[in-house]
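Please model the entire structure based on the sequences and the hints provided.
Those sequence lines, one after another, are chains A and B. Just so you know, we're using the numbering used here here: the first sequence kicks off at 1 and counts up by one. Just so you know, we're using the numbering used here here: the second sequence kicks off at 1001 and counts up by one.
In case anyone wonders, no lab produced these hints; they're calculated from the structure. Heads up, some of the hints might be wrong.
[Said to hold, decoys possible] Derived lysine-lysine pairs resembling DSSO-like cross-links, with alpha carbons at most 30 Å apart:
1. A:Lys380 x B:Lys1307
2. B:Lys1296 x B:Lys1373
3. B:Lys1281 x A:Lys368
4. B:Lys1424 x A:Lys319
5. B:Lys1240 x B:Lys1357
6. A:Lys267 x B:Lys1195
7. B:Lys1387 x B:Lys1234
[Claimed, not checked] Listing some non-contacts, in silico: residues in chain A with all C-beta distances to chain B over 10 Å:
8. Pro44
9. Ser182
10. Gly214
11. Ala225
12. Pro300
13. Leu330
14. Arg363
Glycine residues also receive a C-beta, built at the ideal position from the N, C-alpha and C atoms.
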Amino acid sequence: MRNNRRFATLVAGLAVAVVALAGGLAVGGPPSPPPLAPLPELKPQRPEEVELGKLLFFDNRTSGDADIRCSQCHDPRKGWADGLALSDGYPGTKYFRNTKTILNVAYSDLLYWDGRMDGGKGDLDSQVRDALTESYWHAMDGRIMLQRWKQVPDYVQRFKAVYNAEPDFELTLKTVSAFMRSLVSKNVPFDTYLKGDQHAISEQAKQGLALFQGKAGCIQCHNGAYLSDQKPHALGVPENPYVFLTPKRHTSYRAVLRNLGVPNRMKWLEDVGHFAVSKDRQDIGKFITPTLREVSRTAPYMHNGMLTTLDDVVEFYNKGGGSHPNKDLLIRPLGLSPSEKAALVAFLKTLSGDEVIPPDLDRLMDQKKLPAYATYDWLKVEN
Amino acid sequence: MNKEGKMWRHRMITWVSLVAAVAFAASAFAADPAAVMKNRKTVSFNGEEFPALAHLPPPPILPDLKQRVGPDGYPEKDSKGMPKLDDPIVKLGYIMFFDQRFSGDGSVSCATCHVPKEGWGLSSAISRGYPGTSHWRNSQTIVNSAYLGKLFWAGDSLELGQQGEDANTGLSGNAKTDMVEERLRQVPEYVRMFKEVFGTQWPILKDAWRAMGAFERVMNDENTPFDRYMRGDKTALAPKQIKGMELFQGKAGCIQCHNGPMLTDEKYYNTGIPHNKEFDKDPLIQFSARWQYYRKGVGEHVFRKAKFDTGLYSNTHVEEHLGLQRTAPLRHLVYSAPYMHNGTFDTLEDVVEFYNKGGGPDPVLRDFGFSTKTKRLKPLNLTKEEKEALVAFLESTSGKEIILPDPKIPDDGVFPGAIAKFGKLAPEKFIEKEKKKE
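Rendered as structure tokens:
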């Protein structure tokens, strides 16, 4: 009896151990990525706040020398990006990364390729602040800007109506970020498909979707409603040599490294990516997964615009990416056939909805049609 | 004056002279700007003592700046009497003075508002600002600025290097340290020159300001008729100018504030300078002026109501300082019109007429109900001849116009490591926007 009991205890113990082990494996194994989903509805916005933000978004007077506006690089006709491999930046400077679209920015966790700013789910105002005040973008002194707005009676009125306040720098950030949050894809075929309309996308695109979630493994990083895990990964995209061979770009790059406190900024001849934020050497060469929404409108691709077309991008992944010491283990040769690659591209194209164009774009693009400065009777009007 | 008063005055003069003498002796060893500017002689006006007019001594050179001076203590001149620029630190400062890299968008240099052919100032009443803004004051000449202890109209900066840095940001240059310093490091010629002058591996922006200060310290106009006269050449001034100088120190009372070798006491006064009508026409001037008061943290009760240049108040926030500006030096005037902090007078005749009337109505009184205007100004009742003599004297403190060639601005370079890594590719071609602008 005693022996039997011991045996039973042993068996029971083993069984518990096995179950525990199995359970442990299940917990520690790769979690399945969040499923693809249509963009969820956002909180309703105040139209008059969005309207003011829109005007300012298109107003050159948001930059130090009143020469560029947000739409300079986030052009509605170019998918709210600029169509360039590397962004232009403020006059007299050149930037060293590709301009991302700001469509659907409301759904983002992190912004910029290196993830140094909060996205639309968090403190988007600070991103607007960054874009307005940094020397490589708008080089704007917020205090000058607010005095400019006070010189525009139409804006004074609008600030009063929207915020019951005088024009103010923080309110400028708030209203511009409100406008940015309003830029959301509409009538996206893929979303319509997910909502049950089987005819919203082609058979080829459906095949592409299956590959995206299966053989090609794109879903490992491009997942959820935003089609991005919003985490840093290294793919080994080749460096864009002009970041370092064009003096103004190299200058801006070092200025950013300097602002972020990156050591040895005079020596880096590669884009360190998220390392500049985390200061963890394992993050060198890692960039935040971009959303794939509206991707067919935002060529060229990758953080430095080194890939020109979606075909190039698919081919890049098919070969298992480039080479980099920190390259993600998820990136491996895929062995896709030409028709599979074409199917993937067809799927990616279903992620673009109707072109998001403000109805009054022509007026917005013409600086002369924006609310104008007034000349006050200096001695009579209070400051 | 009673006996006690005389005694006090006598002691005071002895004491002042003693202090001045000690200060002067000290200045021979350490080139302390304040000590150099101390004057041995005084003149009295209305029972008060003021530093006497004098020729320009050698300029103060910062003790930690390796800047060359000639055997007489003055920076050397070339055969045409122009400042020599071959001292490495001066040459570096001179080149950078003209370099537009020192502004946010690369379109403005120091020389944009301190134009060589406009007396190293600007001939417009209100200085131009950075694109998209305006300045709100008159651009002062940099000539003889080495001698000033207080720079900018309200004395915001105390040293030329600091002045350059202050002008570089804000509505003159709108530049930021991060970008400008990195730009300098992208220029192989600057890297070489900074290494030679300052011994650093890479250019440091603070050193750039020091070099520009060194350049400004050679930009002196010390051989004027007035200076020659004060050094003993009694033929250097015409009789009319000598009469003007007597009026200056006598009936007109200018000496009360415009005294010493720079013809300024570097103190602050409200003289009731009239409103400049440019302010009524230009929205850029209007918001730029508001920005100035705003950024200096002027309290709201003052900010809302002040429709004049708050001057010293914007630095001290003391109400008695509302509308006070530092006394302007009266040198190089022939080349540096228009005059006053808001450039409201085009000619020296206008200026003399303004003081003849005892200055203008007080804008502080207008906006705040109390006056800060100096009590020293009273109607002078000058005759036409006397006014002409004063103007003639004021013209005697200008020597030769200082004209230097525009320097060659060195080009950006690519880091050698970048060429080794990426090879020499054709230059990047693009930018629709730039094409459009052309």
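Against the structure, the hints:
no.	hint	in the structure
1	A:Lys380 x B:Lys1307	holds, 8 Å
2	B:Lys1296 x B:Lys1373	holds, 22 Å
3	B:Lys1281 x A:Lys368	holds, 19 Å
4	B:Lys1424 x A:Lys319	holds, 28 Å
5	B:Lys1240 x B:Lys1357	holds, 22 Å
6	A:Lys267 x B:Lys1195	holds, 18 Å
7	B:Lys1387 x B:Lys1234	holds, 22 Å
8	Pro44	holds, 35 Å
9	Ser182	holds, 26 Å
10	Gly214	holds, 38 Å
11	Ala225	holds, 34 Å
12	Pro300	holds, 12 Å
13	Leu330	holds, 28 Å
14	Arg363	holds, 20 Å
Every hint from the earlier list agrees with this structure, and none is contradicted.
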